[in-house]
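Peer 1: From first to last, the protein sequence lines are chains A and B. According to this note's numbering, the first sequence is numbered sequentially starting from 549. According to this note's numbering, the second sequence is numbered sequentially starting from 455.
Just so you know, these hints were derived from the structure itself, not from any lab. We put the beta carbon where it would ideally sit given N, CA and C, even for glycine. Some hints here could point you the wrong way.
[Unchecked claim] Covered stretches of chain B (chain A as the covering partner; in silico rule of three or more C-beta atoms under 8 Å from a C-beta of chain A):
no.: 1; stretch: 496-508
no.: 2; stretch: 533-545
no.: 3; stretch: 575-586
no.: 4; stretch: 623-632
[To be verified] With the C-beta cut set under 7 Å, the calculated list includes, among others, these residues of chain B facing chain A:
no.: 5; residue: 469
no.: 6; residue: 475
no.: 7; residue: 477
no.: 8; residue: 480
no.: 9; residue: 481
no.: 10; residue: 485
no.: 11; residue: 488
no.: 12; residue: 489
no.: 13; residue: 493
no.: 14; residue: 513
no.: 15; residue: 514
[Stated by the list, open to error] Calculated from the model, a selection of chain A residues having no Cβ within reach of chain B, i.e. all distances over 10 Å:
no.: 16; residue: 575
no.: 17; residue: 613
no.: 18; residue: 646
no.: 19; residue: 653
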Amino acid sequence: MTDDIGNEDLEDGELIAAARRLGVGAAERLDLDRTARGVVARWREERARVRPFYARPASLRIAAALILLGAGIATWRAGINRPEAVAVVVPTDAGLEGLSADQLQALLPAVDEPAAAENMAYDAGLEGLSPDELRSVLTSMGS
Amino acid sequence: MPPPQSDAATDADLIARWQGGDEDAATALVTRHGRALARFLAASGAFESDLDDLVQDTFLRAFRSVAGFRGQCQFRTWLLTIGGNVLKDAGRRAARTKVVPLDEWLQAAGGTPHDDAVASETEGRLTRALRELPRLQREVFLLRAQQGMEYDDIASALGTTPGAARVHYHHAVKRLKEQLQ
Numbered sequence: 549m550t551d552d553i554g555n556e557d558l559e560d561g562e563l564i565a566a567a568r569r570l571g572v573g574a575a576e577r578l579d580l581d582r583t584a585r586g587v588v589a590r591w592r593e594e595r596a597r598v599r600p601f602y603a604r605p606a607s608l609r610i611a612a613a614l615i616l617l618g619a620g621i622a623t624w625r626a627g628i629n630r631p632e633a634v635a636v637v638v639p640t641d642a643g644l645e646g647l648s649a650d651q652l653q654a655l656l657p658a659v660d661e662p663a664a665a666e667n668m669a670y671d672a673g674l675e676g677l678s679p680d681e682l683r684s685v686l687t688s689m690g691s
Numbered sequence: 455m456p457p458p459q460s461d462a463a464t465d466a467d468l469i470a471r472w473q474g475g476d477e478d479a480a481t482a483l484v485t486r487h488g489r490a491l492a493r494f495l496a497a498s499g500a501f502e503s504d505l506d507d508l509v510q511d512t513f514l515r516a517f518r519s520v521a522g523f524r525g526q527c528q529f530r531t532w533l534l535t536i537g538g539n540v541l542k543d544a545g546r547r548a549a550r551t552k553v554v555p556l557d558e559w560l561q562a563a564g565g566t567p568h569d570d571a572v573a574s575e576t577e578g579r580l581t582r583a584l585r586e587l588p589r590l591q592r593e594v595f596l597l598r599a600q601q602g603m604e605y606d607d608i609a610s611a612l613g614t615t616p617g618a619a620r621v622h623y624h625h626a627v628k629r630l631k632e633q634l635q
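Pulled out of the complex, with its shape left as it was, chain B reads as follows (with noise of 0.2 Å):
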């Protein structure tokens, strides 16, 4: 019989159960980072009424490549990469399959006018500003602004160096900066 699953079990516990077979882990590790994938998911552009979907695809997406996880970054930031690896897909199967081009489904991803008006300006604001930025600089914003990862992890998850984490970052924020003013 597995041991019960408890907050203290790691990351690394939990995925070594999961492989082991042990479904409850696999539970474990949904409770524990879904939210935050899906905060991440929804900054990144993805519709709310698709966010079940993405999340799920993005854990299964996770366990089936987790033998390529070494832990040379958190496991949530690996996790959130892998979202935005999903995203993207989803996002060129919907250009795909109602033949919008990728911007306009990003554009139109943020939900209707009224999901806008409820939310603050600033954010309305920023969210239309982050559509605009470059993927990268978009995901090592939210990974480092949202999320509040290190660069080096950051840098890991995304297999570029710290330093670079750190301009794309700066680039982001300027844009951003002059995007809101």
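Next up, chain A with everything else stripped away, as it sits in the complex (with noise of 0.2 Å):
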């Protein structure tokens, strides 16, 4: 920057006066001051609206979308490691054929609970009883 333009290009003086005239009042009345604290105010609003990354709406859809994308990856591997149903086994020479209906409905939340029936009849030993041995245990898990 230069203010002593004195080569060729500035041969036609009263231009170039008249173009460094021009603005002048104008800028001479500009309150420097005030425009100076407007500056600082707005920069400082326009630094305090802008909020760290992690707040930022992207971010957020982003995070969103991750924690949609785990908990279906989670859900789907749930799916394919679940165990296969256990197949429960009535025995068939236990000589049900015999029991009353209310016998039979009071053995049925055995039958729904075959961990609990099988520890059951392993700890009770009931492979070795007999078929009327059988049913009077029977009967008296119904009374």
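Once you've looked at the hints, go ahead and assemble the two chains, each given alone in its own frame, into the complex.
Peer 2: Pasting the structure below:
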């Protein structure tokens, strides 16, 4: 920047002098202190409005998408690894055909809990009982 | 505590301090360059009543994009070219809001007839003639003739070559002389 333009480009002194006077009055009337305060205040407000990156809408959308994706993958993997349903084998030689309807109904909760039933059968050693003994046991369970 | 501001502080110093959070440095930059910017904007066709807003908008836009300023030209030259963009955008907004063509907005921006009468005849005619110039010619002319910038500086700020800037200047002078005769 130079104030003493004196080369051949600016030989038209009147034109240049007039150009230099343009806007001088308006610029002098400008309250620069007020303008500077306005700039600083607006800049401060602008910076206060700027959110951290993790609070910006785009970041939130990405985070939500990642969470949904993770949940979907976890659900899918849980479905793949689910153990096969345990088949419940009801012994046919237990002589159930001789039980009354009430006795069979009393037996059903035990059938619905295969693991418990299996444990109970193992602990009780029922495999060694005769049909009559079994019937008496079942009758006692139903009462 | 930041060091005290002084006239000796370079623009680069002030920019660095401002980027470090020193608001006094921003104030110093506005104080140092605001009036030259206002003269440039007024000569480019801005309403005097809009000058304060336009100067503020220009500094804010400059502060936002100061990371892109690498010292390729004077800070003031760079600032004035941003001012030209701000003025152009303001003209477009005004044209949209008031449904007035941009040319008419620029023609109306010179002030009241009273202002024209107060200004010297040559200045008044020059102001009107400047509005007839293409924007690039007008900006190069004002940066050179009004602000006293070097062609290298003008070219860097406007993204052109010094030779092209010189050509724009000569075209502008030729057309202005034709208009003023």
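Peer 1: All hints are to be evaluated individually against the structure, with a verdict given for each.
Peer 2: Status of the hints after comparison with the structure:
Using a Cβ-Cβ cut-off of 8 Å, 5 residues of the stretch 496-508 of chain B lie near chain A, which meets the minimum of three, so the contact claim holds. Remark: the stretch 533-545 of chain B is not confirmed as covered by chain A, as 0 of its residues place a Cβ nearer than 8 Å to a Cβ of that chain, below the required three. Interface restraint, the stretch 575-586 of chain B with chain A: holds (5 residues with C-beta to C-beta distance below 8 Å; minimum three). Remark: the stretch 623-632 of chain B is confirmed as covered by chain A, as 5 of its residues place a Cβ nearer than 8 Å to a Cβ of that chain, reaching the required three.
At its closest, the beta carbon of residue 469(B) sits 13 Å from a beta carbon of chain A; the interface hint therefore is violated under the 7 Å criterion. Among the interface hints, the one on residue 475(B) is violated; its C-beta lies about 10 Å from the nearest C-beta in chain A, farther than the 7 Å criterion. Annotation: interface hint on residue 477(B) holds; nearest CB of chain A at approximately 5 Å, less than 7 Å. At a threshold of 7 Å, the smallest CB-CB gap from residue 480(B) to chain A is about 6 Å, leaving the interface hint in force.
About 4 Å separates the beta-carbon of residue 481(B) from the nearest beta-carbon of chain A, less than 7 Å, and the hint is met. Annotation: residue 485(B) was flagged as interfacial toward chain A, and the flag holds, the nearest CB pair being 6 Å apart, inside 7 Å. With a least beta-carbon distance of about 5 Å to chain A, the hint placing residue 488(B) at the interface is held under the 7 Å criterion. At a threshold of 7 Å, the smallest CB-CB gap from residue 489(B) to chain A is about 5 Å, leaving the interface hint in force.
A least Cβ separation of about 4 Å between residue 493(B) and chain A falls short of the 7 Å threshold, and the interface hint therefore holds. The beta carbon of residue 513(B) is positioned within 7 Å of a beta carbon in chain A (closest approach about 5 Å), and the interface hint is therefore held. The closest approach between the C-beta of residue 514(B) and any C-beta of chain A is roughly 6 Å, which is under the 7 Å cut-off, so the hint is satisfied. Distance check on residue 575(A): its Cβ comes as close as 4 Å (rounded) to a Cβ of chain B, failing to clear the 10 Å threshold; non-interface status is violated.
Distance check for residue 613(A) against chain B: the nearest CB is about 30 Å away, which clears 10 Å, and the non-interface claim stands. Residue placement check: residue 646(A) keeps its beta carbon more than 10 Å from all beta carbons of chain B (closest about 92 Å). Interface exclusion of residue 653(A) from chain B stands, the closest Cβ pair being 80 Å apart, more than 10 Å.
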